[in-house]
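K.L.:
Each chain is listed here by its residues.
There are 2 protein chains.
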Amino acid sequence: MTKRMIFTLAVMDSVGHNFQGSWRHPDSRSSEYKKLDLWTHLVRKAEAAKIDAIFFTDQLGMTGTCNGSEDIVLEMAVTVPLGEPSMLISALAQATKNIGLTWTSSIIQHPPFTFARMVSTLDHISDGRVGWNIVTSTNDRAYRAFGFSGVPSHEERYGRADEYLEVVYKLWEESWEDGAVLADRERGIYTDPRKVHSISHHGPRFDVDGYHLMEPSPQRSPVLMQAGGSPIGLDFASRHAEVMFLAAMSPEGAAKQINAVRDLARGYGRTADDILFLQGLSFVIGSTEDEAARKLEEWEGWRSAEGQIAYWTGLTGLDLGQFDPQTRLEDLVDTIPGIRGAFISAINAAPPGVKPTVLNFLTTAFKPHTIAGTPDMIADKIEAFQAVGVDGIQIMSVVMPGSYEEFFEHAVPVLQKRGLMQQDYARGTLREKLFAGRGAHLTATHPAARCRRYT
Amino acid sequence: MTKRMIFTLAVMDSVGHNFQGSWRHPDSRSSEYKKLDLWTHLVRKAEAAKIDAIFFTDQLGMTGTCNGSEDIVLEMAVTVPLGEPSMLISALAQATKNIGLTWTSSIIQHPPFTFARMVSTLDHISDGRVGWNIVTSTNDRAYRAFGFSGVPSHEERYGRADEYLEVVYKLWEESWEDGAVLADRERGIYTDPRKVHSISHHGPRFDVDGYHLMEPSPQRSPVLMQAGGSPIGLDFASRHAEVMFLAAMSPEGAAKQINAVRDLARGYGRTADDILFLQGLSFVIGSTEDEAARKLEEWEGWRSAEGQIAYWTGLTGLDLGQFDPQTRLEDLVDTIPGIRGAFISAINAAPPGVKPTVLNFLTTAFKPHTIAGTPDMIADKIEAFQAVGVDGIQIMSVVMPGSYEEFFEHAVPVLQKRGLMQQDYARGTLREKLFAGRGAHLTATHPAARCRRYT
Numbered sequence: 045m046t047k048r049m050i051f052t053l054a055v056m057d058s059v060g061h062n063f064q065g066s067w068r069h070p071d072s073r074s075s076e077y078k079k080l081d082l083w084t085h086l087v088r089k090a091e092a093a094k095i096d097a098i099f100f101t102d103q104l105g106m107t108g109t110c111n112g113s114e115d116i117v118l119e120m121a122v123t124v125p126l127g128e129p130s131m132l133i134s135a136l137a138q139a140t141k142n143i144g145l146t147w148t149s150s151i152i153q154h155p156p157f158t159f160a161r162m163v164s165t166l167d168h169i170s171d172g173r174v175g176w177n178i179v180t181s182t183n184d185r186a187y188r189a190f191g192f193s194g195v196p197s198h199e200e201r202y203g204r205a206d207e208y209l210e211v212v213y214k215l216w217e218e219s220w221e222d223g224a225v226l227a228d229r230e231r232g233i234y235t236d237p238r239k240v241h242s243i244s245h246h247g248p249r250f251d252v253d254g255y256h257l258m259e260p261s262p263q264r265s266p267v268l269m270q271a272g273g274s275p276i277g278l279d280f281a282s283r284h285a286e287v288m289f290l291a292a293m294s295p296e297g298a299a300k301q302i303n304a305v306r307d308l309a310r311g312y313g314r315t316a317d318d319i320l321f322l323q324g325l326s327f328v329i330g331s332t333e334d335e336a337a338r339k340l341e342e343w344e345g346w347r348s349a350e351g352q353i354a355y356w357t358g359l360t361g362l363d364l365g366q367f368d369p370q371t372r373l374e375d376l377v378d379t380i381p382g383i384r385g386a387f388i389s390a391i392n393a394a395p396p397g398v399k400p401t402v403l404n405f406l407t408t409a410f411k412p413h414t415i416a417g418t419p420d421m422i423a424d425k426i427e428a429f430q431a432v433g434v435d436g437i438q439i440m441s442v443v444m445p446g447s448y449e450e451f452f453e454h455a456v457p458v459l460q461k462r463g464l465m466q467q468d469y470a471r472g473t474l475r476e477k478l479f480a481g482r483g484a485h486l487t488a489t490h491p492a493a494r495c496r497r498y499t
Numbered sequence: 045m046t047k048r049m050i051f052t053l054a055v056m057d058s059v060g061h062n063f064q065g066s067w068r069h070p071d072s073r074s075s076e077y078k079k080l081d082l083w084t085h086l087v088r089k090a091e092a093a094k095i096d097a098i099f100f101t102d103q104l105g106m107t108g109t110c111n112g113s114e115d116i117v118l119e120m121a122v123t124v125p126l127g128e129p130s131m132l133i134s135a136l137a138q139a140t141k142n143i144g145l146t147w148t149s150s151i152i153q154h155p156p157f158t159f160a161r162m163v164s165t166l167d168h169i170s171d172g173r174v175g176w177n178i179v180t181s182t183n184d185r186a187y188r189a190f191g192f193s194g195v196p197s198h199e200e201r202y203g204r205a206d207e208y209l210e211v212v213y214k215l216w217e218e219s220w221e222d223g224a225v226l227a228d229r230e231r232g233i234y235t236d237p238r239k240v241h242s243i244s245h246h247g248p249r250f251d252v253d254g255y256h257l258m259e260p261s262p263q264r265s266p267v268l269m270q271a272g273g274s275p276i277g278l279d280f281a282s283r284h285a286e287v288m289f290l291a292a293m294s295p296e297g298a299a300k301q302i303n304a305v306r307d308l309a310r311g312y313g314r315t316a317d318d319i320l321f322l323q324g325l326s327f328v329i330g331s332t333e334d335e336a337a338r339k340l341e342e343w344e345g346w347r348s349a350e351g352q353i354a355y356w357t358g359l360t361g362l363d364l365g366q367f368d369p370q371t372r373l374e375d376l377v378d379t380i381p382g383i384r385g386a387f388i389s390a391i392n393a394a395p396p397g398v399k400p401t402v403l404n405f406l407t408t409a410f411k412p413h414t415i416a417g418t419p420d421m422i423a424d425k426i427e428a429f430q431a432v433g434v435d436g437i438q439i440m441s442v443v444m445p446g447s448y449e450e451f452f453e454h455a456v457p458v459l460q461k462r463g464l465m466q467q468d469y470a471r472g473t474l475r476e477k478l479f480a481g482r483g484a485h486l487t488a489t490h491p492a493a494r495c496r497r498y499t
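Residue numbers (my numbering), protein chains in the order written: chain A, 45 to 499; chain B, 45 to 499.
Some clues are possibly wrong.
One copy or two, either will do: identical chains are not told apart, so a pair holds if it fits within one copy or between any two.
What the hints assert, rightly or not - Within a straight-line C-alpha distance of at most 25 Å, the following computed DMTMM-like cross-link-like pairs (lysine to aspartate or glutamate) qualify:
| no. | residue 1 | residue 2 |
| --- | --- | --- |
| 1 | Lys79 | Glu91 |
| 2 | Lys141 | Glu76 |
| 3 | Lys89 | Glu76 |
| 4 | Lys79 | Glu230 |
| 5 | Lys47 | Glu91 |
| 6 | Lys239 | Glu114 |
| 7 | Lys239 | Asp184 |
| 8 | Lys79 | Asp228 |
Keep in mind that the hints were calculated from the coordinates and are not lab data.
Same shape as in the complex, but just chain A (with noise of 0.2 Å):
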């Protein structure tokens, strides 16, 4: 029997995303995403089609340049302007009953006793819905903007990390005992004060003296999300995450990448089915694969090479930028370093005569994954990386929301058909409908589990 997908929509509060400059097309409401109108309509469509959940990424001030110029950021919205996601969530949660709600929030934006707060509020305003996409930043505005004069070592920023987590699971997991909260009108008692425990956390990077305040929620810990993808953040993801994304190029790059976090995970007492792996992929849907091509070349069209070249030199930090996009790379093998072994591994994979440039090789290395076809080619596509052990699709959009309305119409049909995605949502919050026969809270292998001091 086919096993079921999990299938998650990427956005962004915010006019630009991931494909660059496509807020300009005709059918984009992009533009409105300041207002609730675009998100609790695309939520309550997403909940129709049975979409496990949406999932908000944040990016604290992109640092990108096209051309040694930052000024295509703000005037192609390359990220920017951003509103905060969590805010969107209880608007959503109220519009909605079973999809899940999920953001980024970088680990410098809250301290980690106000974000414990923030996220148990909206467990319970959502029964047990949310999901925490756990990111370090890794650009150098985002710290100037929180105090720090740039961007710390990996080694910081994941050691941070760390602690963070170690202050939240302990705010989530351990404060307030299960049974703690009577509600006892009667006897006049609404929390037993022997089940609420102050922590006390004294870390290099974070003091917290203090019990939680909010009650536990329905999962306690938000669903844990990831997309580490050097060492040191595989490492990270395999510790403490429950959802991982992944960016593969191809199944095998994908099936390299869910090996090598499986092993890790393994090594820190986890289990094969701890984790479950997301890969990012786009849908251009036509009802003939010709269909779909020309409608990817029209898509294409809106694109905006520079705002692609600087999303790409922000996110990565490579600082490729600074060059003309026509500029050919045979030219440049030498002047940053790092990043020559991959130049010239592009220039010998370029077709005779072809010699590569630099919106090539950015178009080559960074775009995300784009499939266009028919809904059952679509299909296909799925399973092939399904077959090598991906538990989901994290769909990204391509014009806003109506890349996402084709995909619900044409291709969810087809997917369910296939037994590839669920017909209806389980029972329970986002954490068991994701991982089926278990609890609503974080299983016993999970780090945070040794903050449940009384159970």
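Start from chain A and add chain B according to the hints.
P.N.:
Frame of chain A; chain B shown alone:
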């Protein structure tokens, strides 16, 4: 012609707020605080009654005691557990069209860069209906949850608040010029980069470099609220507040505070009508005075004296909770520095033969001013406050949401008939609704206006 007054509802995302123990009342829905239904129900009814705004107060960690123990805080749910009120706002914005959505946020719980983005996001979502009550936390537990070793001095707390405001003003008012957002699909320019400016703040407590992540919202800065009572707090309010909350025991007491703040404000170049003063009052309504008195007695029967003592001692920092509530004041005159004079006044003010206790003292000094009577008697009392310059009433609930519903049903029609309350909402943002004939933004006399370099 009578000038209409402002009416706001003071609530808390918690089981217990200011009337301790009332959650046990059979009609109370306070224990539903963690779900949305209670709040959307209340805010819709309030909007139908043309209430100006709902106001969520907040309290980052209650440190009150009774009989030397803190247990009562948890048992009687004295502001704990407590959700983060900003998490509710988007759902309430979606449920309504006109009512103001305002809340308290301590300057120690979010970094200013984060908080500015949260507020801008919510001001967009609500079409310019948000207000922020600026507080510096006053209790030890709050500071220890955020890495401080205890409560800083009054001067340091307000110094921090001044610097925090300086940062958020720069982000809201200076960073994005008017006209920066073009959203021009044809020319492919969402934002004009020449009109977006990085702020560069380097002060003793905050270092913030970067531009605001969110485009200007309808109000830019939220309506600014404050409730300081100390000399330094009044000075702070006179410089920054547009709405000030009073907890006077009589119209005369309110007048004194209003005049003091207005004098200070004029000294800072602000005008007499730059600040609206809202007096906190509770109402118990009956069709006769006797019926109201009986209802007040019934409601008072649900009050938890121990919970109330813990609440008062936690709020004021006066450690009266260490004593048995029945201890006579005359036995304590020399125990707590700074309160000797107040104790002696209370002893002298007591009727002959009555020896006031700690409980008597706290009840008289800190119980929110409650008015029990017919709708007309209530309107008379409100008029008496208006006569001395009070601009509005902050209504404190007794039983949630019943005592508000009674106010909407019985008091509002009388107040509207007398011209004391609006019959409908004015157009525009919350600021335009509260300050007739002014614009959506802070006035030129406000210190935030100094940030507007580009007008």
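K.L.:
Which holds for lysine 79 with aspartate 228 at a C-alpha limit of 25 Å: within a copy, between copies, both or neither?
P.N.:
between (41 Å within a copy, 18 Å between copies)
K.L.:
Within a copy, between copies, both or neither: which one fits lysine 79 and glutamate 91 at a CA-CA cutoff of 25 Å?
P.N.:
Both: 20 Å inside a copy, 21 Å across copies.
K.L.:
With 25 Å as the alpha-carbon cut-off, assign the pair lysine 89 and glutamate 76 to within, between, both or neither.
P.N.:
within (17 Å within a copy, 29 Å between copies)
K.L.:
Please sort lysine 239 with aspartate 184 into within, between, both or neither, judging by C-alpha distance up to 25 Å.
P.N.:
Answer is between; shortest inter-copy Cα gap is 21 Å, intra-copy 43 Å.
K.L.:
Quick one: lysine 79 to glutamate 230, C-alpha cut-off 25 Å, is that within a copy, between copies, both, or neither?
P.N.:
between (45 Å within a copy, 22 Å between copies)
K.L.:
Indicate which option fits the pair lysine 141, glutamate 76 if close means a Cα-Cα distance not exceeding 25 Å: within, between, both or neither.
P.N.:
This pair counts as both: shortest intra-copy Cα distance 24 Å, inter-copy 18 Å.
K.L.:
Are the CA atoms of lysine 47 and glutamate 91 at most 25 Å apart within a copy, between copies, both, or neither?
P.N.:
Classified as within: same-chain Cα gap 20 Å, cross-chain 49 Å, threshold 25 Å.
K.L.:
Please sort lysine 239 with glutamate 114 into within, between, both or neither, judging by C-alpha distance up to 25 Å.
P.N.:
Intra 53 Å, inter 13 Å, cutoff 25 Å: inter-copy only.
No hint from the list above goes unmet by this structure.
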